[in-house]
Every structure is written in structure tokens, then in C-alpha cells.
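> As given, the protein sequences belong to chains A and B, one line each in that order. Residue 202 in my numbering sits at position 165 of the first sequence; the count goes up by one each step and never skips. Residue 325 in my numbering sits at position 288 of the second sequence; the count goes up by one each step and never skips.
Don't read these hints as lab results, they were simulated from the structure. Hints are not guaranteed to be accurate.
[What the hints assert, rightly or not] Covered, in the sense of this in silico footprint (three residues per stretch, anywhere, with C-beta under 8 Å from a C-beta of chain B), are these stretches of chain A: (1) 56–64; (2) 74–80.
[Stated by the list, open to error] What follows is a list of derived Cβ distance ranges for each label pair: (3) Arg84/B - Pro226/A: 23 to 33 Å; (4) Glu88/A - Ala157/B: 58 to 68 Å; (5) Ala157/B - Thr227/A: 48 to 58 Å; (6) Pro166/B - Asp382/A: 34 to 44 Å; (7) Gly140/A - Glu307/B: 45 to 55 Å; (8) Glu393/A - Ala157/B: 30 to 40 Å; (9) Gly120/A - Gly363/B: 22 to 32 Å; (10) Glu307/B - Lys138/A: 48 to 58 Å; (11) Pro154/A - Pro377/B: 20 to 30 Å.
[Claimed, not checked] Calculated Cβ distances over 12 Å to all of chain B for the following chain A residues: (12) Ala70; (13) Asp129; (14) Pro136; (15) Arg153; (16) Gly210; (17) Arg224; (18) Ala268; (19) Ser284; (20) Arg318; (21) Val319; (22) Arg327; (23) Leu376; (24) Glu378.
Note that the structure is a prediction, hence the values are computed from the model and not measured. Just so it is clear, CB atoms sit at the ideal spot from N, CA and C, and this is done for glycine as well.
Protein chains: 2
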Amino acid sequence: MSRAKSGVPDRLPTADSASLRDHPLLKACRREAAPYTPVWLMRQAGRYMPEYRAMRERHGFLALCTNPELAAEVTVTAVRRLGVDAAIIFADILLPLIPMKVGLSYEAGDGPAIERPIRAAADLARLAPVDPAASLGFVADSIRIVRRELPDLPLIGFAGAPFTLASYLIEGGASRDFRHTKSLMYREPTAWERLMTALARITADYLAMQVAAGADLIQLFDSWVGALAPADYRSFVMPHTRAALASIRGRVPAIHFGTGTAGLLEAMREAGGEVIGLDWRVDLRAAWERLGPEVAVQGNLDPMVLLAGREEIRRQVRAILDRVAGRPGHIFNLGHGVLPETPVDDAIAMVEMVHEMSRR
Amino acid sequence: MSRAKSGVPDRLPTADSASLRDHPLLKACRREAAPYTPVWLMRQAGRYMPEYRAMRERHGFLALCTNPELAAEVTVTAVRRLGVDAAIIFADILLPLIPMKVGLSYEAGDGPAIERPIRAAADLARLAPVDPAASLGFVADSIRIVRRELPDLPLIGFAGAPFTLASYLIEGGASRDFRHTKSLMYREPTAWERLMTALARITADYLAMQVAAGADLIQLFDSWVGALAPADYRSFVMPHTRAALASIRGRVPAIHFGTGTAGLLEAMREAGGEVIGLDWRVDLRAAWERLGPEVAVQGNLDPMVLLAGREEIRRQVRAILDRVAGRPGHIFNLGHGVLPETPVDDAIAMVEMVHEMSRR
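So that you can see chain A by itself, here it is in the shape it has in the complex (with noise of 0.2 Å):
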């Protein structure tokens, strides 16, 4: 049998693949209909889980992410734990920053930070050119393994948009105002449109070999996008998230998901994505409307609300359903991830519910 370098089979696995096109959840992303509403959690592997906990306790944040065997044992237990309808690969949104070579580390809390952020147009010519095939090979390693432990459950690869990377890359680390980032939006233009196009082709080639690896679909992490005002959306970012989705457009399904995004839909919606991932500041039914017929929708509790004890979570579950009313295109989730204080339980609680609340 061929081997990859790191020592796990290149070739897919033996799933059913008849019988995956099939998953409640791939037929929500085409928008038929599904015996129950499909369910996962964003960051489903995270600090809240005790078993994710016990692996940090022996490995590095990024020790787990580029090890193809850790990643998919975390990737792994979280599924089995949880009970969801998708795997979502073990993996951060500014791994391909690592190749660019700007210091990039995880300080306690997970929190990145960037030693070397770009700052100007002439900081540019620094950032190493990025080959995801050569460089990020341990995801699609990971995604190989994932594929082989869990046939029948459809598998998510995903990676950070344009700007959200951007946005990393030049403030260093998390932001609230978007100072630098928009700063050099709006005061090089040209330098940004250079970052955007190279950011955008990086997350294109990343997008397209965790899919030629076996991902079932992709979400793209638009995170921070809600930042921006529509037109500006529009004018430095659209094209670009539009170029990194390219890649994958008819292979297989995208979910497109931003927070704070409730001004951007129509425009996100044209930049691409079969699918739209809602934060909880939307209605999702006024959302859907607005959206129009074309999309499915993924989302939308308030991560928080995993925090209010069982009959909250059964009242905002139900409320959610009840807004959709059996319509098909439909992916429970959260509005943003799953918060290290939720208790696993209610989290698999919610994942029941969801199934139970909906079986048609």
C-alpha cells in the first residue's frame, strides 16, 4: 500500500460514499429534505471537554493541531462524545500563517499572538511565499485517519478567510476595533489588495487539498468580517473570499460563516457558500428571508445560552426549530463556538434535543 510521508494511507478509505451523499447533513447543505435536523458544535473539541483538557495537559496547543494522529484522536472523541452529525478537523484558522514565517505562537488561553505583524506595504515582501501541499501536509494527514475512524459521518475541513486572516496578521493578535487592519485598508490600498489576492490563493490551495484528502465539505472562518461597514465589505473584501472559495465551487459543499454579520448577508451571500453560517444576533428566520431561496443556513443559539442550565436550552432550541418550521437547508449549530465554561452534558443534552425536537 503508498504511504504518505508521515506514514498514513493516501488512499480514501473504504467509505460508502452512496450512503454519505445521503447524511442528514449533506442533504441539508443542498437544501432537501432530512429525517432530523443535523447538528454540530463549532470548537466541538475545546478546552470545555475533560478528554481535550487531559490531551493539552500533555501537548502543546500547536503540537496537536500538526500532529495528523493527535489531531484526529481529538477530532475523534469529540464526535463520539457528542453525538453531532460532523466531524470537524482538529485544526486553528492561522496555521498557514506558520509558513509565512511572522512568529506565530498561542500564549496561555490559546490566544495567538504574531511576533512580526504587517504593518505596511513594504513589510510585505517579508512574508515567506506559503505551498499548503508542502506545508500543511499534516491536515490533510489528519483528515486521511479522520476519514477512516468515522466512514459514515461526513467530514469538515475548513480554514480562515482573506480578511479575517488579514485582520491576524496585522494588529498581531485578537483585535476589537480593527485599527491597523483598516488603517492599511484604507490608507494602501494597494498593498492591501496584494495581501488580500495572496491570502486568498493560500486559503484556495489549503481549501483544495483537505477536499482531495477526503473532506466532505469546508467551512470558510470569516470570524471578524462583521467589523466592516457593508460598502467597505464590498469594495476590499468580497472579491477576495470569492477567489478563496473558488477552488472547491462544485466539488463540494462551503458553509460561509461570519459573526456580527447581520448588516453583510446579501454580500456574503454573493461572495459564496452553499451555505450561511448565523451568529445568534440574527433572527434566522428573517435572515433566511433576506438571504433568499438559493442558500441553506447554519446556526444559531447563543453559545452562552450552553450556559443557562437545561430548560433554557430546551426553550431557545425549540424557539429556533419553531422559526424554521421544517424547512429544509437547515444545520443546528451555534452562533460562534462552544465556551470553555459549558458543561458536557448540557452540550450533549442540546445535540439530543436538536435530534429529538425535530425527527419528522
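Got chain A sorted already, so can you dock chain B onto it with the hints?
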């Protein structure tokens, strides 16, 4: 002449109220055509202005707020420097927390901190009752001074809305995810209701006092309400916002403002306000269409644009005015407060641009 206890005349000044009524800003509140688009800036008296920094070198933040002569001086200086169409009384949305005796202070950088936050039903008992006329009379006195100094300019009074006040009281300061606030809201709905009812009462009394002292319109700041899901806003917040506005309804116009509210616009309109204040994350025209023809709008330049140089400022001011297309009922403003790094000359230039480009 009768004098209030602070030494300020308590009689209204001899402003020509007929001409003030025809001021473009008050016409905009009534959606009447005006010769140009009126403009003011949230936090127009603030750290970006050298005159303000000089005042702050001599006086603490709360000292400035609570001394009517000083607060009036800060208010008037900013207006004269900028050439804006309204004065807004120099104060802070958290001033009503002083008589509640929760230990409010302002740390370096003016970020508020509350020593004894409210975290549970039991904590409500120790909130001291608030009579704004007795404990916040200095704001009324500042209003009387500014009214006299600027008889021809609309004067804006303001208050924090119940949700935003509650969020500070509960979190103990600024917050990113409003965890404790949502926890109380979900887990102790009866305590939440009591707290919000009390805050709405205080806000209503405080606004009524400001109008009695001479404020021509008010702005209700629900700055952080955008953290909520629309259904939660309607259940837990909207009735209290409506109650907060009840005391001044039909007496003076109200601007109802929040940030991150692109998913809440219809609900905020239902809660009240002749003008809805928009942040920059929505397209102004699309937002106004959703709000309907019965309200005016205020906004919505990204404050970061004022750091981007004259050319970009001009482009973006023009883009917003183009979206409005001369429709009566638009007050130009930033989408949130002026940033401390804003060049004063560029803020002045922005005000002039709005006047020039909109002149009919």
C-alpha cells in the same frame, strides 16, 4: 433672579424657541426637509481634543461630569471648535450608578469599574434607591448653563438604556461576551425583571429631569444591546426600553442608539424613538427601508475612517449622503464615539464636508 442650589439660574434662558424648532437637526427628527444635513459626533467632547485633555489634566473624569460649570465648558468648547449642529451635555451614561452606591470609579483611560457588581437576586437588596432630581441635579444645572451659552443650538440630553446600565452593574465594567448579564437574565428572570424595571424607572426620571432643564432632544444609549439575540431582546429588554422612553414621549424627540444592532432594528423601532441611531455595520439605506417610513435615522460613518485621511473621509461621507439621496430625516454622525487618536482638524473637515455636500 431665583437660583438653583449650585448657583445656576433655574429659569430657562431667553432662547428663541421658534427658531430653534426650525433648526435642521430638529427638522430632521421630524423628517422635514432642511437646507443641509445636520451633523454632530458622538463623544465630540473627548480625549482627541487638546482642550479636553488640558481640562482633564486639572480635573478627574467624574469631577468634570459632576461640576456643572466645568461640564458646560467642556460641552460648549467642543461645539465651538467643531461647528456641529448640536451640543450634547458632557456626562456619562453610568452617572445614575453613583447614587446606587455600587462603588463606581473610572480607571486610567476612563474605563468604568464597579466595586460591588450585582450578580444574583440577593444583591438587588443593597441597591440604594435613586431620585435623579436629588442626586443628579448637577446634570440639570449643566444643561441650564449650556442652554444659556448656546441659545440657538439644539441641546441633547442623554442616558444609558436599561440593558446597557444592567450590563455594567452586573459585569462590573466593560465586557466582551456579557456572560454574567446573560446568566442572570436566563437563570434568574424574576430578579432580572426587577432590576430592569428599576433601571427603566430611574432612566425615565433622569431623562424627564434633563428635558425639564432645557434639553431639546435626548439620546438613549443602548450601546451594548447588540450582544443579544433578537428573541431575547424582545423578551428581556424591549418593554423596559419602552418604559425608559415613556417619560419624554411626545415632549422632545428621542434618538435610540446601539451598536451591533443590524439584527435588532425592527425591534428597536418598536421599543421607541423618533430617530434610530445606526452604527457603521449596516448599509444606511437598507436599514432605513427595514425601519420603515415613520422614523428618522442617525449615522453612520465608521469612526475609524476619521483616522484615514481627508481623501478617504471625503469618499465615505459622499457615499453615505449618496445612499440617503436627500431623503428628509437624516442626522449625520459617526457609528460610535470619536476615537481618541482622531485628528481634530479631520473631524472639523468632516463636519464641513457634510454641510457642503448636502447643501440644497
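> Should the label of Pro136/A as a non-interface residue stand, given a Cβ cut-off of 12 Å to chain B?
Check passes; 31 Å lies beyond 12 Å.
> Can you tell me whether the CB distance of Pro166/B to Asp382/A sits inside 34 to 44 Å?
Once the Cβ atoms are compared, 42 Å apart, the range 34 to 44 Å for Asp382/A and Pro166/B holds.
> Would Asp129/A pass as off the interface with chain B, using Cβ distances and a cut of 12 Å?
holds (20 Å)
> Should the label of Val319/A as a non-interface residue stand, given a Cβ cut-off of 12 Å to chain B?
Contrary to the label, Val319/A does not stay out of reach of chain B, its closest Cβ about 4 Å off (not over 12 Å).
> Between the beta carbons of Glu393/A and Ala157/B, is the distance compatible with 30 to 40 Å?
holds (32 Å)
> Quick one: are Arg84/B and Pro226/A within 23 to 33 Å, going by C-beta?
holds (29 Å)
> Going by Cβ atoms, does Arg153/A stay more than 12 Å from chain B at every point?
holds (23 Å)
> For the region 56–64 of chain A, count the residues whose Cβ lies under 8 Å from any Cβ of chain B; is that count three or more?
violated (count 0)
> Does the Cβ pair Glu88/A, Ala157/B satisfy 58 to 68 Å?
This hint is violated: roughly 32 Å between Cβ atoms.
> For the region 74–80 of chain A, do at least 3 residues have a Cβ located nearer than 8 Å to some Cβ of chain B?
Check failed, 0 qualifying residues.
> Can we confirm that no CB of chain B comes within 12 Å of the CB of Glu378/A?
violated (8 Å)
> Can the suggested window of 48 to 58 Å be confirmed for the beta-carbon pair Ala157/B and Thr227/A?
holds (55 Å)
In summary, the numbered hints that this structure violates are 1, 2, 4, 9, 17, 18, 20, 21, 22, 23, 24.
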